[in-house]
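Trainee: Here is what each chain is made of, one letter per residue.
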Amino acid sequence: MDETVAEYIRRTVLKIPRDEIKTMLQKWGFLSETQLQTINFHQMKDNISQDVVQCCEDHSASIKQAAVLDIIYNHSYPNKRMWSVYQMNKTEEETDFFDLTDFRKKFKRHLRSALKNVTINFREYENNAIWIRIAWGTPYTKPNQYKTSYVVYHSQTPHAFISPSVLKSNLPLLCQALVVASNYQDIHEMELRSHSLNSLEDMVFKRYSQNFETYCPRPLQESTVAQESAGLRIVQENINEKERIQRVNRDTFGDGPQPKLEFAEYKLETMFTSDPKLEVLDKKEPFRCMVKFHSPHLLESLKSLAPAGMADAPLSPLLTCIPHKARNYFKIREKKGFFPGSFVSP
Amino acid sequence: EDADSQRTAFLLRKQWSLYSVTPLYRFSEAHLRDYSRLLSAFIAAEKKKGLAVEIGGELDIKVAVTSLPDLKGSDRDQAAILVQLSSRSSASPKNSEEKLVWSGWFCCVAGDELSENLPEAFTCLPLFLVNGAESYTAIVGTWFQKTFDCCFRRLSLSPFNLSWMAAMWTGCKVEKPASATELVFSVPRLPHPLHISYAINLEDAQALWDTVQKTPGEITQEEVDVFMDCLYSHFYRHFKIHLSATKLVKVSTAVASAHCDGIIKFRQSQYLTGVLMLLTELAICQIQ
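Protein chains in written order, with our numbering: chain A, 1 to 346; chain B, 1001 to 1288.
Derived by calculation from the structure, the hints in this document are not laboratory data.
For clarity, every value in this text was computed on a predicted model and none was experimentally measured.
Just to be clear, a hint being listed does not mean it is correct.
[Said to hold, decoys possible] A few chain B residues facing chain A, derived, Cβ under 7 Å: (1) VAL1065; (2) LEU1068; (3) SER1186; (4) PRO1188; (5) HIS1195; (6) LYS1240.
We put the beta carbon where it would ideally sit given N, CA and C, even for glycine.
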């Protein structure tokens, strides 16, 4: 067995949490059950990986087979990579019947016509999701198995999720191959990026519980209360306000769990306005800002701001539109001719 | 002035942790060589005791204590004192290169408020800046404390201090292209913590500051408040979030960056003294 393949398998096994190694090897199916029985999965990971490599030697594993193990690992732990979302389109209305064999052939052919040294692997998962692993080489060097790109193409949709390798120059070729193989005309990147692949899929395929896009303020209730119950009235007002905030949050964010995003970025090119009494900046040009929000779970975090008293409810539509617009990069300009408080985002 | 900036260039673009230091008893600029020797011996002794965990067994530590005569405000200030620790492999001292592993400097810029009332035997160097491993900082700090009967305390920067820095440094004229004025806010106590970075194009921020700042050569608290309120309102208008309810933790400008944990980064040598003056003031406040 090639030394580089052995090393690659060893390093891939080392990435897997110890408790998961046996399951993942079983999914891989390259080693027989009898062979797996011979490995002690309770020893140090270093030793486990050596044992695995030893077993693989007996069957002379190739790089293609090793690559499958890598796909299985990335499918279980997709959040280790950053994913961007791409959408393809074509003018014809009819949807072609999707033929996986045809897709694979065209994809490989397109890549190989431009670059001889590539390792390409496919694996089909549930929901018609096709995982594609590509290891890139150059005209003079073998593919670097540690610098891989991943594509998750949902064949019944025009969407693909791409995690490019550090070799960004290969991205256009990759996109072209996708378009050609799937019989579309072109492809563009959506303004949406995250480590959480599942959340991206949820947002793009609208698989989360959605909010109502319009917020209707409920009319204030008249209260006729006597002086001595002023204290009670304040407490009641607080409770009312808390309940209102919860209600509005449910209306704007929906009831279920939010898709998991780590950040949102806004490039602001709107005007600066202020109280004329302050006598400050009155320029007719945009006040250029860049705002970035970061959180381990951004949407849940934003949802908790109003109840914590740090924001109004409803929160700005610039933030609440993130899931249903399926984007987390925005450029905001002033809407011309309408109320100065309204914005347009292209 | 050019020679000035050359000597202090090594201070730029490095992260310095800030401390306030009480006046040093019987410290003399004439004895810097002796201090280098004594501190060196102290470090070697600590190493033998096994207290210096991060120092490699194979490394010899060389200490240099020097003065930086240009780093001060007026002649009434004590010139800055620089302490540098370099390592050299003890196995092959002739072959190996000397590597700077730790720097710390004491300074005082416009520290009259503290120095003018001090008895003769005391030296006023209220600000201490450190770059390097915490373990070395502890050892050097201990030696200074024992030798000069002084006390070190981390200098943290409040949102109030940081707002001043944001306004002040935005107002400084710098060469283009210049970095934006960035404010970083943290909301830690949510179920999922949130960080907000709000960066304003420097030209636009300066245009705003120019209309806010009315008295030439002087900045008032009111002007800083109006400047910050304007920025907060602009943000609120877009996102309906009250930045004033969050914690301002970092300010980053073309002149310098400052973090609430007491970390500073100088970016422009022409404003080095200005920033040090502000930090000296904060250190003195903490001491008194």
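Trainee: If a hint holds in the structure, say so; if it does not, say that too.
Mentor: Against the structure, the hints come out as follows:
no.	hint	result
1	VAL1065	42 Å, violated
2	LEU1068	37 Å, violated
3	SER1186	10 Å, violated
4	PRO1188	11 Å, violated
5	HIS1195	4 Å, holds
6	LYS1240	4 Å, holds
Consistency with the previously given hints fails for numbers 1, 2, 3, 4, ordered from lowest to highest.
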